[in-house]
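Using the sequences provided together with the hints, build the complete structure.
Residue numbers (the numbering used here): 1 to 303.
None of these hints come from the bench; they were simulated from the model.
Every residue gets a Cβ at the ideal spot worked out from N, C-alpha and C, and that includes glycine.
There may be inaccurate statements among the hints.
Said to hold, decoys possible - As a list, the in silico PhoX-like pairs of lysine-lysine whose alpha-carbon atoms are at most 25 Å apart:
no. : residue 1 : residue 2
1   : K137      : K216
2   : K90       : K119
3   : K270      : K137
Said to hold, decoys possible - Restraint-style ranges between C-beta atoms, simulated for each label pair:
no. : residue 1 : residue 2 : range
4   : Q92       : K137      : 36 to 44 Å
5   : K49       : E163      : 21 to 29 Å
6   : G40       : I97       : 13 to 21 Å
7   : T169      : S143      : 40 to 48 Å
8   : Q85       : S143      : 20 to 28 Å
9   : Q187      : D52       : 41 to 49 Å
10  : L39       : T213      : 35 to 43 Å
11  : K59       : I97       : 24 to 32 Å
12  : D52       : E81       : 21 to 29 Å
13  : S160      : S248      : 13 to 21 Å
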Amino acid sequence: MIGIIEIGSNNTKTHIYENGKLVFEESKTIEFKKHYLELGKIYENDWIKLDDMMQTALKKTKHIHVFGCSIFRILPQEEIERINQDFKRKYQTEIEIVTQEDEAHLTAFGCYSTISFSKPLCIFIGGGGSTELIFVKDKKIFSKKYYDFGVVDITKKFESLKEDVASCTFDEVYQYIEKQIGEIKEQAEVLVLAGGNHIYWYQNAGYKLFKNTLYKSENQPFMITNEQSDFYDRDALVTSLDTIRENSDNPVWFDGSRAMKVMTNLIMHKVSAKYVIPTKINMEDGLLNKLEKEEEKDEKIRK
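Spelled out as C-alpha cells, the structure:
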C-alpha cells in the first residue's frame, strides 16, 4: 500500500492506495497559511493536527509520501531542514516541497489523461494560497497560468464570507478577484474544478448536480451548465452558511467555500465555458502512477 499526504495552505489530504485503488481517504482543515501569516511561524496546534493525520496513515501503511504545497514554498530553507529533521525522526520520512508548476501539472494530468474529449478544457486548480489554470486540448497542454493568490487572500479581504450571512455582495468580491486575475485570452468549452473536493460543496449546500454527458470518467461523474453555476454561485452568498455547515462533517472547511465559488464563477466567464465539472481530483491522482513505479523498482532492488 502507498500513502500520499498533501499539505496545503488550508486543507491537508490523505489518500492510501492498494494495487492502484483508493482504500482510505481523509481531509482535514489545517490553516497553515493563515496562522503562518499571523504568527510568522508554523502554529504549534497545526503540527498537532498534522501529527494526528500522520499517525492514522502510518497505522495503515509504512510507505507514506508527504508533499508540501503553497505555504511551504515560501518557508526559509533552514526552517524546511529543521522540519524535515523532526519528520525523519518521528515518521521516517520527509516533506517534499512541490513547485507550483509540478502541483498544477500533476493535478491536471489526473483530469485529462484518461478521458476522451476533443474540445478545449480549462482545468482550475484552486487552493488557499495559489491558483493555477491549465488549458488542454486533445490531451495536450496549450497554455497555463499561475497566480500566487487564493481563497485565503479573498477571505482575508472579505471576512464576512465566513459568516452565516455575508455582508459583502457577490459583485464586490467578483470585482476584487478580477483585479487580481486580470485578462485571460484563452477560451475553453469546459471548466474542470480540481485541487480540492468541489463536489463536497454542492452536496452539503444541497445544489443538484447532473450526470456528465460530455465524456466518461469515474472521477468526473457530474456537470452543470454555466447558467446553473451562475444561479448556484450567487445564491451561495445569500443563503445561510451555518445551515450548510450543519450538514457536513467538517464545518471549518466552509470558511473558504464562498470565496471559491466567486473565484470559479469569474474564471468560468473569463474563459467562456459552457459547462462546469466539479471534481475532487488532486495532485495525488497524478502522483500515484509515478510512486507505484518507484515502489516496484525498489522492490526489485530489495529482491
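Quick one: which hint numbers does this structure break? Sort them smallest to largest. 2, 7, 8, 10
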